[in-house]
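There are 2 protein chains.
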Amino acid sequence: MSRTTQVQNVTINPKVSIQDDFWGRYIRLVQEVVIPYQYEALHDRVPEAEPSHAIANFEIAAGRREGGFHGFVFQDSDVAKWLEAVGYALAIQRDAELERQADAVIDLVGEAQQQDGYLNTYFTIKEPGKRWTNLNDCHELYCAGHFIEAAVAYYEATGKPKLLDIMRRMVDHIASVFGPEEGKLKGYDGHQEIELALVKLYRLTGEEKYLQLAGFFIDQRGQQPHFLQEEWEKRGKTNFWTGKTDSLDLSYNQSHVPVREQNEATGHAVRAVYMYTAMADLAALTGDETLRKACERLWNNIEKKQLYITGGIGSTHHGEAFTFDYDLPNDTVYAETCASIGLIFFAQRMLRLTPDARYAEVMERALYNNVLGSMAQDGKHYFYVNPLEVWPQACSCNPGKHHVKAERQGWFGCACCPPNVARLLTSLNQYVYTVHGDTLYTNLYIGSELSTKLGGAEVSIKQKSSYPWEGHISLEVNPAPGAAAEFGVALRIPAWSTGMEITVNGKAVAMDEEIEQGYRIIRRAWQAGDVIEIRLPMEAHLVFAHPQLREDAHKAAIQRGPLVYCLEGVDNGEPLSSISLSADSGFSERFEETLLGGAVVVETSGLRVNPSGWNGGLYGRTKAPVEPVPVKAVPYYLWGNRGSGEMKVWIAEGRS
Amino acid sequence: MSRTTQVQNVTINPKVSIQDDFWGRYIRLVQEVVIPYQYEALHDRVPEAEPSHAIANFEIAAGRREGGFHGFVFQDSDVAKWLEAVGYALAIQRDAELERQADAVIDLVGEAQQQDGYLNTYFTIKEPGKRWTNLNDCHELYCAGHFIEAAVAYYEATGKPKLLDIMRRMVDHIASVFGPEEGKLKGYDGHQEIELALVKLYRLTGEEKYLQLAGFFIDQRGQQPHFLQEEWEKRGKTNFWTGKTDSLDLSYNQSHVPVREQNEATGHAVRAVYMYTAMADLAALTGDETLRKACERLWNNIEKKQLYITGGIGSTHHGEAFTFDYDLPNDTVYAETCASIGLIFFAQRMLRLTPDARYAEVMERALYNNVLGSMAQDGKHYFYVNPLEVWPQACSCNPGKHHVKAERQGWFGCACCPPNVARLLTSLNQYVYTVHGDTLYTNLYIGSELSTKLGGAEVSIKQKSSYPWEGHISLEVNPAPGAAAEFGVALRIPAWSTGMEITVNGKAVAMDEEIEQGYRIIRRAWQAGDVIEIRLPMEAHLVFAHPQLREDAHKAAIQRGPLVYCLEGVDNGEPLSSISLSADSGFSERFEETLLGGAVVVETSGLRVNPSGWNGGLYGRTKAPVEPVPVKAVPYYLWGNRGSGEMKVWIAEGRS
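Each protein sequence line maps, in turn, to chains A and B.
Be aware that the first sequence starts at 3, since it is given in my numbering, and climbs by one per residue.
Be aware that the second sequence starts at 3, since it is given in my numbering, and climbs by one per residue.
Hints in this document: simulated from the structure, not taken from any laboratory.
This structure is a prediction, so every number in the text was calculated from the model and none was measured.
Careful: at least some of the hints might be erroneous.
[Claimed, not checked] Computed from the model, here is a short list of chain A residues facing chain B with C-beta under 8 Å:
1) Arg133
2) Lys306
3) Lys307
4) His320
5) Thr334
6) His543
7) Leu551
8) Pro613
9) Asn617
10) Gly622
Just so you know, even glycine gets a beta-carbon here, dropped at the ideal spot from N, CA and C.
Construct the complete structure from the given sequences, taking the supplied hints into account.
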C-alpha cells in the first residue's frame, strides 16, 4: 500500500470492564459453560455432538499421533476462536486452570507449525504439496487470521507471547508468499478475515508491515487479471467442495470488482462484513478517502436497504448471502448469527472512523436481538439462522425452509456461530465506548467501568444501566484524584427513544442543543463525583417498514427500547397469522419473573380470526369473523425457548 | 387384479365438438401454431430453441442415421404427446398434410421398435443391455404410456391402426416382463402414466389384459419388499441423474405406502395426479371400494388443503412437489402447468366415478386460470411455474425464487408443459359433459355440440355460452327427429355464483329443488327444440382464504365468474404490496377491447401507501400515509403478457 499512513486520533479499546446485571449473566454463561463446553467439543468429548476432530488434527500435524485430517478445511479456526474467547475471558478474570488448558493448546499449535512458519493442519496432513493453490475455497489465510486475533487477545490478557510469536512467524511466511513484489502471489483469501486480523496485529505491535499486508489483500481483491479466476482455471475449474467443475461466482466473496468500486452489499454476508470491517480499519489508519467512501456506501446500503429489524443480514441461505435492496423475507431468511456479529465489528470500526450514532444504533439492534437470540439460555444450543417468522411444520415439510430451525441446535458440524458468540460476548467491553480526541462517545448503555485518558487526565467512569428493561442510566465521572479535566461526554440518543432526559449533578441538560450526529455532547470541566443521569422512556410501540419492503407491508413489529418483540404460539395460539394489531390499542408492560430468567412482556389487545366462524372450504366469499383477543409479545431474543411453535415478528396491522 | 370387473354405467367421451368463441381461439392457436411449431421443434428446426433431438433419436434407433442419443431419458414422450395432440386435432378437423406428417412419424416410431416389441430410443441407442434396470429414474413405462395415449387418440380420429398395433406389441412385451406371475418383475414406473394409458387402451379395445396390467402396476406400488428400493440397492444406490449415490425418497413418486393406504397428496405433483387418475379409472371400472375411498381421500386433501385459488398444485420447486396441508406460498410456489392438467384428468375421472359438481369446480378453476395462463397469446411461450405473486427482481436476484419466471419462456429443455397444453386444449371436448345412465351432467359451460344416447334416443344438444365474460348459456335439446325422450339434464351450479336462474322454453325452473351434489337436475320428456336458458350473474367479488392458510391471511383475491383476477404493476404501479382493497368498495367491470384480444377488467378503489410520506429509514415509528387510488385488476390468465413487472393475486384487505 503506497498511501501515507497516519495514525488516527482514536483511543483503541479504552480499558472497560463490564459490570452489568443483564449482560453479566450471559458473559458468565460463556465463561462457565460455553468455553468449557467448547473445549470439550474441540477434544471430541461431548457425547451428544459430532466429533470436531479439531484438536486431533493439530495432534496429528504435530506428530503426536497418527491419523488423517477430519472436518472442514477450516476446522483449525474453531481452535483459534476458542483461544480468542479464552483471551477475552482471562482479561475479565484470570483463571489458572483455563490458562493451563489454553497454554497446552498453544503448545500444540506451536508443534503443528512447520519449519518455514506455515500453520494449517489440513494442508500439513492431507495435501502438503497443495498449499496456496486454492485460495478461493480453502481458507488458509482465513484460519491464519483467526489465530492472529487469538494471539492478540491472548497476549493482551496474559502477556504471554508464545502464540503471538507463532503467528508472527506465520505472517512472515505469508508475506514471503503474497505481496506486490515480483514473484509473489497477487492473491487473497476466498474468505476475508486475515485483513482485519493483520490490523489488530499492527495495532498491537506497531509494525507497519502488517498494515501493509492487510492493505495489499484489500487492494488486490477484484483486480484484473483476476487472481481467483486464474487460479480456478488453472486447477481445471473444479470446486473444492463438490470436486466437480463448477462456475465461479466472484460476487459471492466480493471479488467481482475492486473494493473501492463496490456500492452494494453482496454475496456471502459474513465474508462481506469481515471485509468491510478491515476496509474501515484501513480507512481510519491511512486516511484513505476512497476507502472511507466505499465503507460509507456499503454501510448505507446495508442500513437503509438490506437490514432486518433484528439486526440480521443475509436474505437467502443460497450462499448465506445478501440478495438485493428491500428483499427481506421473514420466513426464508438467513440472518446468520456470525453475519450479525461481523456487522457489529463493522459498526465498531465505522464508529472509530466517524462518531455517528447510526453505527451504534445498528450495533445495538444486532446485539440485543439477532445475536443474543441465537443462544439458548443454557449456552449449549444455537441458531445459525435467525428467522423473523417460523411455522415449525414448514421448516420440516417445505424444503425451501429446511434451513430454518424452530429450535436451537447443538454444536454443529460447521461450528462457526457458537465460538463467534463466545468471543463477542467476552469482548463486549470493546463496544461500549469510542474515544475520539478528548470526547468519550457512549455507544451502548451497559453497566461498566471505564479507565482512559481524557482532556489530559486519567479518568474513570462508572456506568450503571437498567437496560434493556428500563432506561435509567447513570455515569459517574471521576478524573484522577485532585485533577479536574475538561472533556466531552457524548451520550447517544437512541433512535427508538422519544423524550430522553439528561441531568448532570441533578441539573437538567437542554436536549435541543449540542447534538451532533445522534449524540448529546456534554463538554465541561469534570470534577470527581460528577454524575450524569439519563432517563430514556422505554415504552412499547409499533414499528413500520419502508414502503418498498414488500414482506412487511400492512404489518407492524413491536419494539420496546432496544428490544424487538415477537409473538409466539405458546402465548397466543396458532396460527399467528390470524392475529392483527391496531395502532390505536395501547400496550401494557410488566416484568414477568418466571419467563426464562425474567423479562418485560408486552401486552395489547388485537383481533383474531375466529376459525369456527369460517364456513368456506379452502376459499370462500365470506370473510371469517374476527374477535378481540389479548395479545402477548415477548422479547425476540427469547423466542423458541419454550418448545417448538410458531413465532412472528411482523404482525398484521390495521382493522380488518 | 383379482377383483371383479364391472363396466360402469357411464358413457365415455360422448361425442362433443367445441364451438366456442373463447376456447375456439385457443384451440385454433394450438392447431395453427402450437402443433406446427412443436413439429418443427421436435425436428430441431426452431432456431431460437434448444435442439430437441427427439425425432433424431428415433431416426438413430430406427437405423436411418448414425449418432448418439441426446436429450432427457424421457425425450421420446415429446413425440408421443405431439402425436396425441395431432390425434385430437384431426378429430376436430381432418387435415391431410398434418396426417401425412403424423403418419411419417408413426412409420419412424415403428421402425425404431425392436423385434420383441420394445420401444424406447434411450435404451435402444445408449444402454441396450440395461432395459428395465432403473424403473425409478428412467421413464420407460412412462414413455410407453404416452405412446399408448397417442395411439388411442390417433386411432379414434383417423381409424388408422398402425400406432395402435405398435403399442399393443409394446404392451405385450411389457406384460411379458411385468406381472404377478413367477419370474416376472414386480415393478412399476417411477413416473406414473402408463396406468391411465392402459385404461384408455382397455376402453378402446375391450381387452381385459390391459386393465389387469394397469391394476397390477397400481396395486404393486408401495408393496413390500419394495421394488424400487431393491432395484436401487442393486445398482449401488446411485441416482441416474446425478450419477452419485443418493438417498431414495419413496414419497416423491408415491410409492411410500400402497396406494390404498394413502391419505394425503404428497411428492411430485404430476406423478401424483396421473396416478390418482388411474386409480379413479380403476375404481370406476372395477367397483373397487377401497380404491374409490382412497381417491376421495386424496381428492379431498387436495381440494380442501393443497390447492391454489388458480387451480395450481405443488407448493415447492424442490421435487416439483406437494408440501403439506395449508402450505401455499404465493411467491415460492411451483404450481406446474402439467400438474394442473393432471388435476383436470383426475377431476374428469372422479366425475365419471361420482357426479359431484365439486370435481367440475376444480376442473374449471384449473382450466381457466393456471392452465390457460401458462400459454402466451402467441402459443409459443409458456410458464412451467405459475406463481400467484411475482416481483421480477426477486426472480433474478433471490436464488430461492430463480425457478419463478416473470415472463413466459420459449420451448424448454424439458418440454413437458407445452405439449401437455396442446393435448388438453385439443381434447377439451372430453371435459364438457359426463353421462351417467340417462342423465347428462354439464361440467363446463363451453359452446359445443353433443351427440349421445339419452333415455333410449339419440340426442343432440347445442350449447351456447358467453363464458367467461358473461353467464348467458343456452342448451338446445334435440332428440332424434320424431322421437321424444325422457332423460335428465344436470346443470352445474358454480360455487362462485349466486342467483343462478334457469328457464326451460322460457319458463322459470325452481332453484330450490332437485338439486343433487351441486347440479340442478331437470328431468322431463324432451321435445326437439326445447331450450334451456341459464343466467349466471357474473359480478366481481372478493374471495378470502381459510384461516389456516397463513400466506393469504388479511388478504383477498378478486374473482369474477370462473376467472381469478390479479393486479399487475403495469396497471397499478409498484410495489403492489402498497395497495389494499376494502370489502366495502364496489367493483366496476368493463370489457376492454384492446387488452390482449379483449377481456373484462375489474376496477375498484383501494388505498395506496404514499411513499413520499414515509420519513423513516428502513424502519420507523410513524406509518406512511395512505391515499385512495383506483385499482385495476385483469384476469390472471393474461398476466405477464405486457412485459416484465410485478403481479399479485392476493391483495391486502381491510382499512389500514
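Tested hints:
Because the closest C-beta pair between Arg133/A and chain B is about 29 Å apart, greater than 8 Å, the hint is violated. A cut of 8 Å between beta carbons decides the hint on Lys306/A: the least distance to chain B is about 6 Å, and the hint holds. A cut of 8 Å between beta carbons decides the hint on Lys307/A: the least distance to chain B is about 7 Å, and the hint holds. At a threshold of 8 Å, the smallest CB-CB gap from His320/A to chain B is about 4 Å, leaving the interface hint in force.
Of the supplied interface hints, the one on Thr334/A holds, with its beta-carbon coming within about 5 Å of a beta-carbon of chain B, less than 8 Å. The interface hint given for His543/A is met, as the beta carbon of that residue sits about 6 Å from the closest beta carbon of chain B, less than 8 Å. Given hint, Leu551/A at the interface with chain B, holds; its Cβ is 7 Å from that chain's nearest Cβ, closer than 8 Å. For Pro613/A, the shortest C-beta to C-beta distance to chain B is roughly 4 Å, which falls under 8 Å, so the interface hint holds.
With a least beta-carbon distance of about 10 Å to chain B, the hint placing Asn617/A at the interface is violated under the 8 Å criterion. The interface hint given for Gly622/A is met, as the beta carbon of that residue sits about 6 Å from the closest beta carbon of chain B, less than 8 Å.
Comparing the model with each numbered hint stated earlier shows that hints 1 and 9 do not hold.
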